[in-house]
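Enquirer: Listed here are the chains, written in short residue letters.
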Amino acid sequence: MTEGIHARLQLAWPGFRLAVDLDLPATGVTAIFGHSGSGKTSLLRCIAGLARAPGGLVRFQGESWQEGNHFVPTHRRPIGYVFQEASLFPHLSARGNLDFARRRADRGRPAIDLDQAVDLLGIRHLLDRLPAQLSGGERQRVAIARALLINPRLLLMDEPLAALDQARKGEILPYLENLRRELALPILYVSHSAEEVARLGDHLVAMAEGQVLASGPLGETLSRLDFPIKLGEDTGVVVEATITARDATWHLAEASFAGGALWLRDTGHALGERVRVRVLARDISLALSRHDDSSIVNVLPARVLEIAEDAAEGLALVRLAVGDTALVARLTRRSAHLLELAPGKAVWAQIKSVAVIQ
Amino acid sequence: MSGALLHWQAIWLTLKLAAVTTAVLLVLATPLAWWLARTSSRLKQPVAALCALPLVLPPTVLGFYLLVLMGPQGPVGQFTQWLGIGTLPFTFAGLVVASTIYSLPFALQPLQTAFEGLGERPLEVAATLRAGPWDRAVHVVLPLARNGILSAAVLAFAHTIGEFGVVLMIGGNIPGATQVLSVAIFNHVEAMEYIEAHWLAGGMVVFSFLVLLALYAFNQRGARIGVGTGGAGHD
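Line order of the protein sequences matches chains A and B. Each residue of the first sequence is one higher than the last, beginning at 1 in our numbering. Each residue of the second sequence is one higher than the last, beginning at 1001 in our numbering.
No lab work stands behind these hints, which were simulated from the structure alone. Using N, Cα and C, we set each Cβ at its ideal position, and we do this for glycine too. Any given hint might turn out to be false.
Here are some, though not all, of the chain B residues that point toward chain A, as calculated from beta-carbon distances under 7 Å [said to hold, decoys possible]: (1) 1128; (2) 1131; (3) 1143; (4) 1190.
FRET-style restraints, in silico, Cβ to Cβ [claimed, not checked]: (5) B:1120 - A:135: 45 to 51 Å; (6) A:309 - B:1133: 31 to 37 Å; (7) B:1208 - A:183: 55 to 61 Å.
Let's have the full structure, built from the sequences with the hints guiding it.
Expert: In structure tokens:
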């Protein structure tokens, strides 16, 4: 994969090991997911050149950033980096921080301009303030704009929301979704939050104890029953869909995906708009025949692909095919037994709730 | 020579010595403080202790050894003679060398504290914004350590002005060449000229107070915008 990102890195510090050999796409958002201490931040720092794994290899779109004794220092790599906590220079105003990046931006390629970055992150009214006068969320938005203004070819984000409370996260996520939608900029996004990964990721890398446990397209990887990181209540899949109909009477919108359609509460999406829908495993129940006497709106014909035990005692995970799309249901083992579920069996998937996450 | 002229000569010489010493110290102590703040070398503790020696040694001890080293028989003296510039004791250059060593800890300590307070993060951030090492030093480290640098300059300047023992040992008491204020005051007191001594001594008290007042006021203002002496508040 000459066009992608290749990283082969080994680090051994007291109490910590990193050993990865990864090929990642250099398009869209690659979510690097794992609990703290899993090595995901170290991986990102090695790709940025902020940390050095002796003997490692880092290549980006055919360019060698680290190989043998060759090591391109951070300031010569075409990256932008957003740190976990806001990292604005305290002696410069928000505008001064942005100018710091603009003066050093890569002028060899078309660049995002100040107005575009400022509008994308909604920070125009903050430009003349010092970092000390900004809230945590505002500082992080300025930091993201600053990373964009350096005109990177790869944007690295290290848990940019982790230091913020839930409300501030909700304030920034839409801006991150803007980035993903509007810029053709590959992003490596480190996170330990299943919600952020589901909302932003296109490709998913799961890490634990310094190793990569799974790497693949988000939808496919999340639907794997052997997904190595136990998500518990957060287990679920992400489905890319298109709005194909709107029902004004009941205020519903139809989102079609490969193999079916779901009715969602209409939140103002236009016809033809692409949306990302998250379906949690705990919100799917299974039936052998179709019931029309329940309150559940979405009932889809499905086929059982695979059954596995959940980490929680007494529960099972069932992977289902709805057309070409995989869903995962979480039910009691007793139900799985009573319904005589087995690979190939036709069932009705009753989906209690779906969330549009984009 | 009239007494007033002698006073002005001593004042001028003192200010010149303090200014030159401060300039030399900022150039030398900044990289040294940077190294001390960031190194994990085994040499760090011995070097730090060596640099702090002038704090605890009596100035006469320091002055004595400098005199021996820089004198005609000392290694430094031999070297300067070989260079063709003679020996340093009893010259202005000798005073600068001695004051630089004597005031080193006063410049070093605030610089080192400021650099240590910076932490790794602003430098990493600057590197991800394509700033190379010199760019980082000039546009990130120096502005963030601004108050530390200012403290170092003020303390070095003020401490050099107050220097007495080392100067007496190494520079003697040559009016117009090496006779600084503190030595002039000493001469007046020796000669029972208390009025003259009062003028000079009182002037130094007022001057020192004003310098320190300015320093504290400046640090206070810096702290308000989040750039403390130690570069604190960089989050």
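Enquirer: Now tell me, hint by hint, if it's right for this structure.
Expert: Taking the hints in turn, this is what the structure says about them:
Annotation: residue 1128 of chain B was flagged as interfacial toward chain A, and the flag holds, the nearest CB pair being 4 Å apart, inside 7 Å. Because the smallest distance between the Cβ of residue 1131 of chain B and any Cβ of chain A comes to about 6 Å, under 7 Å, the interface hint for this residue holds. For residue 1143 of chain B, the shortest C-beta to C-beta distance to chain A is roughly 5 Å, which falls under 7 Å, so the interface hint holds. For residue 1190 of chain B, the interface hint is violated, the least distance from its beta-carbon to any beta-carbon of chain A being 50 Å, above 7 Å.
In this structure the supplied range 45 to 51 Å is violated for residue 1120 of chain B paired with residue 135 of chain A, their Cβ-Cβ distance being about 25 Å. At roughly 55 Å, the beta carbons of residue 309 of chain A and residue 1133 of chain B sit outside the given window of 31 to 37 Å. Checked against the given bound of 55 to 61 Å, the beta carbons of residue 1208 of chain B and residue 183 of chain A, roughly 58 Å apart, stay inside it.
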